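Student: Hints in hand, dock the two standalone chains.
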Amino acid sequence: MNRFEVEQDPKSRDTYYLNMGPQHPSTHGVMRIKLHLDGERIISAEPIIGYGHRAHEKMAENRDYIQFLPNPSRVDYLGGMIYNVGYCQAVERAMDIEVPERAEYIRIVCNELNRISSHLLWLGTFLMDLGAFTPFLYAFDDREKILDILDRITGSRLTYCYARFGGVILDIDDVFLDNVSNFCTYFVERLKEYEKLVIGNVIFRERTIGVGIFAPDLAQKYAITGPCLRAMGHENDVRKDEPYGIYDRFDFDVPTQTEGDCFARTLVRMEEMRQSIRIIEQAVSDMPNGLFLAARVPRRIRPPEGDYYFCVESPRGSFGMYIASDGSDIPFRLKLRTPSFSHISAMPAVMASTMLADAVAILGSIDIVVPEIDR
Amino acid sequence: MALIKEILDGTKTLLTGMKVTLDNFRKPPVTSQYPMEKIEMSEAFRNVIVLIEKEDIGSHDCIDCKLCERVCPSFCIYLDGERPEGLRRKRSTKFEVDFALCSDCGLCLDVCPTDTLGYSKVHDEAGYNRSDFLYDLLEPWADKEEAARERLKEIEAEQAAERARKAAARKAKKVRREK
Ligand code: SF4
Ligand code: SF4
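Protein chains in written order, with the working numbering: chain A, 1 to 375; chain B, 1 to 179.
In isolation and in its complexed conformation, chain B is listed as follows (with noise of 0.2 Å):
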């Protein structure tokens, strides 16, 4: 008898879990075909990190130096920069980033002091050996370079006239206290 009602009580819960499955059968499927379907990343979504486009230079606005590097707890960024022709503010010349390694951290975000490192939204890199994932990040952005750096001496001039004038300002001010 107790076995009959074993069975019986079994067969019932299966025919639950059973219903259950059933009304998730006539659902809607809940995969996204991807390589036909594409997928939207997310704003703060993280890939690569790349040099970002600031807009009164026309190009990245990297100073060379040198946090991020020291930042990277998987050291996997590799700098080198030069000091132009009449420019107060150094310009990075090498910005090689081994994404191989990258553990997609931020913190090189973080300590930027110009904020001109974002992320790469693009989400399916692949590649056949780890060189693949050597990126220069310098490499978009070498034709704007000369521009940039004219761009920048205008800049930087504005701001020292900028920086005169308030000095200026000051010591009229300090004359004028001490009288």
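Extracted from the complex, chain A is given alone in its bound form (with noise of 0.2 Å):
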């Protein structure tokens, strides 16, 4: 059917098909959502994805291990450096690589920078789909100084290529350490900031609280992960469940909701940017002195002939990496498993019987990141 018809259904001649999308600025990108629609109640929503398809996945059947480097942030650029370190860790674990303890502890500081600085962009444009246009302007200017932290090491702003097999590219000084810590006392309070703004304003609760529920059954249906199962009420966080890196060392908590709804998303992804700056300011007073990069990395990155699975913590949720290797050079065939797919697949059992405005609120809300559904 041309998208521009009007299918009608004989039942009920009033209903419509309206498409969101391919270029609405609350899809956050290009993808198209198709909603039936009875007056402004969604009877179903179908989402159409693929119009920011790469074949990343291919491509990695067609490059060497080291060549696929840059691709990860790419997969997403939000959390850009969490995506190149993940890839780094899967090759290594399937490679048994060591890393020195500080690359580790800088992986992990670099990890939580961006973990917040893609939550603030959440932030920012959630409540600007809400209609709020303030903290839009707020959150961008801390994503900035957090960016503006990240580049002086790693050269780059969102597609970092900042980790190596073995390691980091390069080293951090004291000026990093420095600017790291004052951040994080300067957030602290600035999240106060954010939550007197936000949380209690009557106009977010209105359009948050019991809007876009998940429903229970919903996380195993749809394989549910991060920040919007947290809100559902599950404790699981794959940094806490099955440590990667040094995840283990550091204490932090598991924020967690029960309703499921907008609102208790927001409320774990506010808590979850606190826990962050817990994990880094562990981090910063820990920070051995060594190398970053591995003395003895293979010259040929060649993991023995097997699978491998491995999975990190996103700001989205768990991103997964499977590797099938035939003991070449390249690999035979590299999976990623990226958290917005699945969060966008559940999307026509949430919207389903919503209003149109929460529909805008719910695709927000769960944080969706186009590139990373079509990888």
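These are calculated hints, taken from the structure and not from any lab test.
Be aware that a few hints might be false.
Claimed, not checked - Reference excerpt, derived from the structure (chain B facing chain A, CB under 8 Å, subset only):
(1) Thr16
(2) Val20
(3) Val71
(4) Glu158
(5) Gln159
As the structure is a computational prediction, the values presented were derived from the model and not from experiment.
No residue lacks a Cβ here, since even glycine has one placed at the ideal position from N, Cα and C.
Tutor: Below is the structure:
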């Protein structure tokens, strides 16, 4: 059917179809949601994806492990560091490459900074979807501070290619550590401000409480992970459940809420930023000296024949990499499991029989990144 | 009654929000007036790759080993080279980078055996078509190439002398040990 045509349902002649997207600000990228509407009420919603497909998985089959390094951060440009580091960790585990202590700590600091910056962008855009413009500016200002800190050592602001097999590419210095601790002090105060500005706000509460509830059975049906799952009352976090890197050394909580609505997801993410700050503070104070890149990394990356699965906690949920290796230096198959894809598949179930304006709120609250859905 | 309470509570939260905005309003602006104000790029900033100068040679030291060409995931480095008369090493005669394809990953810098690759710190490059981004990295070094080759000959001669001396020393040692 032509997408401009209106399908006439013979039983109820006054329902109609509306395309949200592909260029709609609240889809945060090029994605289309085909809404079947009855007045303002959504009868069914069907996400149509693939506009930003770049065949990352296929690319992996045509280049060696080292050449795939710039790709993971482009899968999710908001959590680039976490994906980049995660891919390195996956290959390191497959190959048993030892990573120096200092590199592990640097990775933790960068990962958590990246998580905060991603959550900040989500906060800004989510609130803008709901019609609040001011928090967007504040969030971007703070996010800019993080990008500046990371820019100083990684040389990039969004699509980092900073981690290497066996460590990171550049050492950090005292200025970096100072910047990070200053930011932590500043940001804890700033978070309180955000909470005052947003969480209490009556309009925000009206728009989010009880909206977009994830029914309890959805979690298993659609493999919901990350903040969306924690907002449903499950205390699942890859960093806690299957600690990778050195996450088991840090003391942090996994925030949960039970309602599973947009408001709960907001609270969970807000608290997550605070926990990230806690992790960063611990990592900065324990930062050991030493090598930032392992001295002996095999020149040819050839994981032994077999299948490997490794997952990390991205800002959106569990990001998994499935590497099937045939012993050569080109992956036989590299499957990327991205959280946004699972979340967007749950949208038909969540959005059914909500209001059109709530669809925008729901989409904003699950924090999708479209390139990550399409890969 | 409940309605009045709701309205009052709502107004209170709105006022709290406005107070936060007002507090921020009094803070100095955070934006920088970009074209008027120059922004310092960080040490690690990555733009197009460039050949960097080696002090002892007075020019770059690309030996046309083609490692960077081979590792580049975007296949955007195009190389050619020759072996000049009287030199042990090769010199590159063509080094082009299609910056429109480059992903600034830094893998070429990692593999370069002579560490002669670096990043340009210019951040505002723009062009009208894609061919504007095909950079010839050898261009800035063109007039220094002759001198560099002469200099390299001296360096290589020194190195050869050093090697010969070491080999002689080793041989002498071996002879002594055999005795
Ligand atoms: S930085 Fe990466 S993409 Fe750019 S030329 Fe070097 S290897 Fe190629
Ligand atoms: S790796 Fe270095 S020396 Fe080799 S061709 Fe590239 S720039 Fe030249």
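Student: None of the hints should be skipped; say for each whether it holds.
Tutor: Here's how the hints hold up against the structure:
1. With 8 Å as the threshold, the beta carbon of threonine 16(B) comes within range of chain A, its nearest partner Cβ sitting at about 6 Å, so the hint holds.
2. Proximity of valine 20(B) to chain A holds as hinted, the smallest CB-CB distance being about 5 Å (cut-off 8 Å).
3. For the restraint placing valine 71(B) at the interface with chain A, the shortest Cβ-Cβ distance is roughly 7 Å, inside the 8 Å limit, so the hint holds.
4. For the restraint placing glutamate 158(B) at the interface with chain A, the shortest Cβ-Cβ distance is roughly 30 Å, beyond the 8 Å limit, so the hint is violated.
5. At about 25 Å, the closest approach between the beta carbon of glutamine 159(B) and any beta carbon in chain A exceeds 8 Å, and the interface hint on this residue is violated.
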